[in-house]
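Number of protein chains: 2
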Amino acid sequence: MAFFEPAMTDRLNAFFQHDADLAWEATEPGVKRKIMAYGEDLMVVRVVFAAGAVGKAHQHPHRQASYVESGIFDVTIDGRTSRLHAGDTFFVPSGLVHGVVAVEAGQLIDSFTPMRKEFL
Amino acid sequence: MAFFEPAMTDRLNAFFQHDADLAWEATEPGVKRKIMAYGEDLMVVRVVFAAGAVGKAHQHPHRQASYVESGIFDVTIDGRTSRLHAGDTFFVPSGLVHGVVAVEAGQLIDSFTPMRKEFL
Numbered sequence: 003m004a005f006f007e008p009a010m011t012d013r014l015n016a017f018f019q020h021d022a023d024l025a026w027e028a029t030e031p032g033v034k035r036k037i038m039a040y041g042e043d044l045m046v047v048r049v050v051f052a053a054g055a056v057g058k059a060h061q062h063p064h065r066q067a068s069y070v071e072s073g074i075f076d077v078t079i080d081g082r083t084s085r086l087h088a089g090d091t092f093f094v095p096s097g098l099v100h101g102v103v104a105v106e107a108g109q110l111i112d113s114f115t116p117m118r119k120e121f122l
Numbered sequence: 003m004a005f006f007e008p009a010m011t012d013r014l015n016a017f018f019q020h021d022a023d024l025a026w027e028a029t030e031p032g033v034k035r036k037i038m039a040y041g042e043d044l045m046v047v048r049v050v051f052a053a054g055a056v057g058k059a060h061q062h063p064h065r066q067a068s069y070v071e072s073g074i075f076d077v078t079i080d081g082r083t084s085r086l087h088a089g090d091t092f093f094v095p096s097g098l099v100h101g102v103v104a105v106e107a108g109q110l111i112d113s114f115t116p117m118r119k120e121f122l
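Chains A and B supply the protein sequences, listed in that same order. By this note's numbering, the letter at position 17 of the first sequence is numbered 19, and the numbering carries on one by one without gaps. By this note's numbering, the letter at position 108 of the second sequence is numbered 110, and the numbering carries on one by one without gaps.
If we strip away everything but chain A, and leave its shape as in the complex, we get (with noise of 0.2 Å):
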């Protein structure tokens, strides 16, 4: 793990993470994430949507679970795209290409297995 930065490295198998200790990092535009708790197979990350913003298809081997905390979002995996609303979950098999519009704005709770090392 020495090629994680030290701050990165020290919350990995942290038992808790307090939202206002953390940053949020732009991504794509209208599209912000934070990383939150995370071990070396789990990790879990919150990406706020403005209306109208993109979370562009793409694809990795990592199987991916989220849940919808709020807003309208338009998701496509493998072809298929459903409405999904607040409540509402998503899962993506490992290696599947897989975008998200923001019909509305809102915020994803993303799951990741394992945890997305490139992110940190």
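Calculated directly from the structure, the hints in this document are not laboratory data. Some hints here could point you the wrong way.
The list makes no distinction among identical chains, and a pair is therefore deemed to hold if it is satisfied within one copy or across any two copies.
Lysine to any residue pairs mimicking SDA-like chemistry, simulated, CA-CA at most 25 Å apart [what the hints assert, rightly or not]: (1) K34 to A88; (2) K119 to I74; (3) K34 to A52; (4) K119 to G89; (5) K58 to G97; (6) K58 to Q109; (7) K58 to F17; (8) K58 to H20; (9) K119 to A53; (10) K36 to H60; (11) K36 to I74; (12) K119 to T83.
Using the hints provided, position chain B relative to the given structure of chain A.
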């Protein structure tokens, strides 16, 4: 996976889970949960607590990361306690004893790796 109930087996690796289609199950007093997205090595579960409800101390080999969607929780992991509010998270390494007390009514979004087969 032959030991799963058919309805649950059908949902393994399913892309989309709509809240309105899924049922709550009572667990402990004042606590209910709803199984959301899951694959073999990742599962997301919504857990709603009434004010004062307790998720009593327990342990499991699965790694767990939980996001506080709403409410206030006193979370104890391996003898250390922290008070968490909406937007905070906690992480439970494999096998560590953990439990929560809902200081105010609220909801946790629990992620597990691997999935909690015993929940199905």
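Would you list, in rising numerical order, the hints stated earlier that this structure does not obey?
Of the numbered hints given earlier, those the structure breaks are 2, 9 and 12, listed in rising order.
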